[in-house]
Structures are given as structure tokens and as C-alpha cells.
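Below are the chains, spelled out letter by letter.
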Amino acid sequence: MLKIENLKASVDGTPILNGINLEVRPGEVHAIMGPNGSGKSTLAAVLAGREEYDVDGGSVLFQGNSLLDLSPEDRARSGIFLAFQYPVEIPGVSTTNFLKAAVNQVRSYRGLEELDAVNFLKEMKEKMKIVDIDQSLLRRSLNEGFSGGEKKRNEIFQMAMLEPKLAILDETDSGLDIDALRIVANGVNILKSEENATIVITHYQRLLDYIVPDFVHVLYKGRLVKSGGKELAMELEERGYDWIKDEENHITA
Amino acid sequence: MSKDDQILEDFTSREYEHGWSVDLESDQAPKGLNEDIVRFISAKKNEPEWLLEWRLKAFRKWLELEEPVWPNVKYPTINFQDIIYYSAPKKQKELKSLDEVDPELRETFEKLGINLEEQKRLTGVAVDAVIDSVSVATTFKETLGELGIIFSSFSEAVKDHPDLVREYLGSVVPATDNYYSALNSAVFSDGSFCYIPKGVHCPMELSTYFRINAANTGQFERTLIIADEGSYVSYLEGCTAPQRDENQLHAAVVEIHVSKDAEVKYSTVQNWYPGDKNGKGGIYNFVTKRGICAGDNAKLSWTQVETGSAVTWKYPSCILKGDNSIGEFYSVAVTNNYQQADTGTKMIHLGKNTKSRIVSKGISAGHSQNSYRGLVDISKRAENARNYSQCDSLLLGNQCGAHTFPYIEVSNNTAQVEHEATTSKIGEDQIFYCNQRGIDTEKAIALIVNGFSKEVLNKLPMEFAVEAQKLLALTLEGSVG
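Those protein sequence lines, which keep their order, are chains A and B.
Start counting the first sequence at 553; every next residue gets the next number (this note's numbering).
Start counting the second sequence at 70; every next residue gets the next number (this note's numbering).
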């Protein structure tokens, strides 16, 4: 589904990703962990097509097509979803209206008929259950004055509505109390299927108790320096990142 | 100057002095403006002597006035002698139904998403469409008539209700108020008249659509609305203009008289031709709109969505004379390309416990300049007056400008005046967030702009709000990369 080869990216001339290799197949959950500043959010942003980042080399194939050639909206329409670490506020635009525009642009890109108001609301009602979100929240201005938990729940709700092939969760656990974390993780698990895949970007092992990964990768200095199963996450939780840093710095030194 | 030229000059100016005959059968006045043109217009409309005198007085005053230069707009000097001040549409027969409306006009309406028939059927809007200065269709007159409501073209009102017109014409905007109101008073061709009798709640939105039709024809509309004691009316004004290369002058006057315990809501969607991408052409929109809350507990609310015109100069104002009277101004002004808008309001507090509220949303894109200009004036005897003003500006890109000129004059120390202003740019974060959900940039901007303007759009009647949203998106099309 997703094949990243030797991906390099920089911002304002500073290299951040220094050759990422990663393959994600349908049905898989990958966790990307790593210390602050290792390039985790950059990887998410580059995959989603954020303009501030310059891609300096490498390739990304998504469902057989070159992802890097697509505009951000076409990446989204073809099935990439990014759950933002800091969801953006759009004053005066309700989640409902925002999603109606999004769902219909995505549908028409995929050759599906646009949903009318009735069917859209029906669809919303169904998906609202997944993250236990309240209708009143969806009438409020998007993310404006939302609590941390509300913002993240709203992200997963949007994901449910847009039915992506590949969901990238960028530090979705940050700013969540344990109850909200459970609800959000539960939503992600419900949406998981054999046809879609998930990349979970996180600092902490905590989230991975709820969203169990098939693979765990450690990102350090812009490269995936270690990969393993879910037990790697446990090890990181116990020992921290220093031993990986030491190993890595030792090799490069 | 050669001798021949001198003779020619003398000859032409002599002829001018003596006046020259104007063909009354003509559907169009010759170019230029002088007392004869004023007489021609008045004669064309079979006006009573007092109205002709009123026009002439305005014209003489206009000659003494100077064009205002204080608005924050720039445009080439207007040659007032190069304008045709009266033209009637070719067909003038009475229309029984909307089906008889000029197909070209209806096409323009449809482009805007306004279908007259649908409006009539679904929304119960009585439409008084004005094509080039002369009304061609008036509907729902009978229904309104049963309630004693008068809703007609201005010319008809002069014929049928001369006393009302004579009493109120110029009572809120005196003929000599300013350069453009004087010009309008001298040469206005037609417009709308509305009278709501005592205690009557007008059951439908009253609506007028304006359109500029013939090239080189200045439009000088005159609207007079009178709400008698305890009455209510919601009035809609919308404009569309087909594309033109030459600049066209539009100098309208709207006067509203709100009596004791009465309420008037006046909503506008203005979509005159804004000129092309390079700032060529477009309408000059120099409008004087003012209402008076003459009696106690009167309320006047202006709502405007301004997307059109090359240059806009417009300050719908409220004179709050009655005690406890309320004035409101809700505005969205969008400028793109080389459009210039200098718009805002004046709230003149004269009565005790008067309240006013100003919400202005300016959106500028391209190379446009968008100014808010507002005055809050609290007079000496206006005990406990309150004002709240909020002016927000949204910028798209780096070449446009947003300006705010708030004037506050307080002569009574019991007054409470609040002013809030913000300026923001549409953030790349916001656009990327939309993009990441599959929404393209154009649609993203439309969403963000509509969200920004929501507070004002919500004040519009439902069907107008939908149209206004479309207009906002349409106006900003192509404004970002």
C-alpha cells in the first residue's frame, strides 16, 4: 500500500529526514516512535504534502502511484488521512459544514455521488457513535474552544467520515487524559480493517496498549534506526531512548 | 485661440445659455447635465411643479458643492457632462406576470441563483424589478394593498401618494446633504417607495432588484421607506450589473423614516460589476443611505454584503432621535483585484437610552483596498447611550490593504462606547488543514471566508444568505495561487 524509499526532506535548508525506508501493507498497524526532534511529525507532514517541507530525494509509492506528485487535496482524496497533533481552528465553520465539503469533494474524486443533506446526516449519526461524540460539538466552530480531548475525538470522527486507506495519527495521544485516550484508541480500532492501514506516531508506549502495533520503528536523526514488534515499544518504555542514541552515535562516530 | 475658434466658442456657449430643446419623445436624454436636463427628466415623468422645483434647487446646490476627496479611494476624475442622465428601457408595457420579464434580465438573475418565479412561489417575495431606472414589474401589490401597505416605484408614488412623498422626501437625506445626494436629488429617475401603515407587520420580505442596462447611463435611484407607528418591514435590495468596459456611475439615495415603536430591517447584497482583473471598468458606487429612528423605541437595522463595484463609497447610517431607539449595522465587504471600498456607518445618538451595534467584516484580496469608516456620535442629551463596535479584517495575500477609521465623539459622560478591531490573514495552516481533508484551496477559502462573515450572513433573510455565500465565493475566485 505504502512504500517509502530513501526519503529525504528538509525545511529552510535544514535536513530533517535523512533517508527513510518503510513499507506498509493493508491491515497493518505501524508505530513510529522516537525522541523529540527526531523527525516524526516531519515525516507525517511530508506524506500529507505540506508545502514548507522540501523533498530532497527518494520516492513514496501509495497504492502503486507516486504520492509526491499529488497535491495535498488529491493525496487526501486518494486515501491518506492525517490526524493532526494540533488540529487547526476555523472560526465560524461548523464541523458539520466542514465535513460536508470534505466528504463530497472526496466522493466526487472517487467517482461516487455526492451525499445529500439527509444521507450525510445519517452517515454522521452512525459515525458519531464510534468516538462517542456529541452532536452539539459538531455544530460549534471547528476546533474553536474545544478541549484537547474534544479536538482529538473530532479528528478520529473526521477519519471515520472520510474512510481513508492509510491513516497517520500524529501524536494523537498528546494532551489526552486516560479516558479520552481510551475512547480515541477504541475509535481507531473500530475503523481498522484488512483493507486499511495505520501509522501511529507517538512518544509514549501508553497509546500502544490500546492500539496494538504489528511493527514498531524508532526514528532518530531522520532515519528509522531500529524496527521490531510491539515488544520494542515495551523496551523503549523501560529503558528510554538513550541506549538507541548511544548505539546510533557509536556507529556513526 | 484663433478668431474662428472664439466665434465658435461664443456661439456654442450662447446656445447653451438659451437652452436647447430636448426631444421629449426620445427615450434617452442627451449626454450632459444642466437645468434643461433636469426639466426633461421631470417632464418625462409628468412630475408636479413642486418636485421639479425641488430637483432644480438640488441641482443649483450641486453646482456649488465639490466632490468629496476624503474617502480612501482613487479613481479618475468623473466627467459629469459625459454621462446620460435618463434612459428608458425600450419596452415599457405593464407586465402581468414574471413570465413577461425580459429574458436577458432573467438570465442574469439565474446566474446569481435568483429565480424570480421560484422566489415568488417559494418565498413569497414581492419583487419590484428596476431595469434602467423604470420599473417594469411589480407583484404582490394586491396582497400588500389589503393591509394598506404601499410598495411601488417611486414615480407611481409621486402620482398616487404625492402628500406622503412630499412630506418625507429629503427629510432624512436633505437634497443638499452631500455632493452625490444633491446630484441624485436633481436627476433621480426612479426607485422604490414603501409605506407601512400604523401597527402593520408586513408579512413578506419586500425586495427590489436593480440592474444597469444601457451603456453610459448613470443610475440614480431613489428609495423612500416610511414605517408608521408600531409597524414592521424587512426590505431587501440586491443589485447585479452585466459586464461593461466603461465606468458607470451609480449614486443612489435611500431614506428611511422609522416612527415610534416601528422596526425596519434593510438588507442589501451589492454585486455591481467590479471591473476586470486589471482594474479596468466597473461601477462607481457612491451611495447615501440614512434612516432616522424618529420616535421612541424605534429600531433600524442595516445589513449589507458588498462584493461588487470598482469603487464603493457608502455609509448606511442611523439617526437615533427617539428615546430607547436602536440602530444596527452589519456589514461584509469583500474586495478583490483592484476594487476599492470605503464603507461603514454613522450612529448618531440623540435620544436617551439609545443603543447601537456595529459589526463590520472586511475581506481583501488581490490588490484591493478595503476601508472601514465609522462614526459614533453621542450628543449632549443622549443620556445612557450605548454603542458596541466590532471591526474585523481578513487579508488574503500580501498585496491588499485593510484600513480602519473609527471616529468616536462623545458629549455625554453617561455614554458607554466599546470598540474592538482585529486583523488576520487566512493562515496556511487553515488551508492545509482543509486540503488534508480533501478540500481544494478555492473551496477552503470560501469556507473560511463564510465562517469569518457568519455573524453578518446570519442577519440576512434565509434566501439572501444563500445567495450571499455564493457571491463571496464567486468574488474571491482565483484570489489565491
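Hint data in this document are derived by calculation from the structure and do not stem from the laboratory.
For every residue, glycine included, the Cβ atom is placed at its ideal position computed from N, Cα and C.
Mixed in with the good hints there might be a few duds.
Which stretches of chain A does chain B cover? Using the computed rule of at least three CB atoms under 8 Å from a CB of chain B, they are [unchecked claim]:
| # | stretch |
| --- | --- |
| 1 | 565–574 |
| 2 | 616–625 |
| 3 | 633–639 |
| 4 | 725–734 |
| 5 | 760–766 |
Against the structure, the hints come out as follows:
A count of 0 residues in the stretch 565–574 of chain A with a Cβ less than 8 Å from any Cβ of chain B is obtained; the coverage claim is therefore unmet, three being the minimum. Closer than 8 Å: that is the beta-carbon criterion, and the stretch 616–625 of chain A has 3 residues meeting it against chain B, so the requirement of 3 holds. Given a C-beta distance limit of less than 8 Å, the hint that chain B covers the stretch 633–639 of chain A holds, as 4 residues qualify and 3 suffice. Only residues whose C-beta sits within less than 8 Å of a C-beta in chain B count toward coverage, and the stretch 725–734 of chain A has 0 of them, not enough to reach three; the restraint is violated.
Only residues whose beta carbon comes within less than 8 Å of a beta carbon in chain B count, and the stretch 760–766 of chain A has 0; fewer than three means the coverage is violated.
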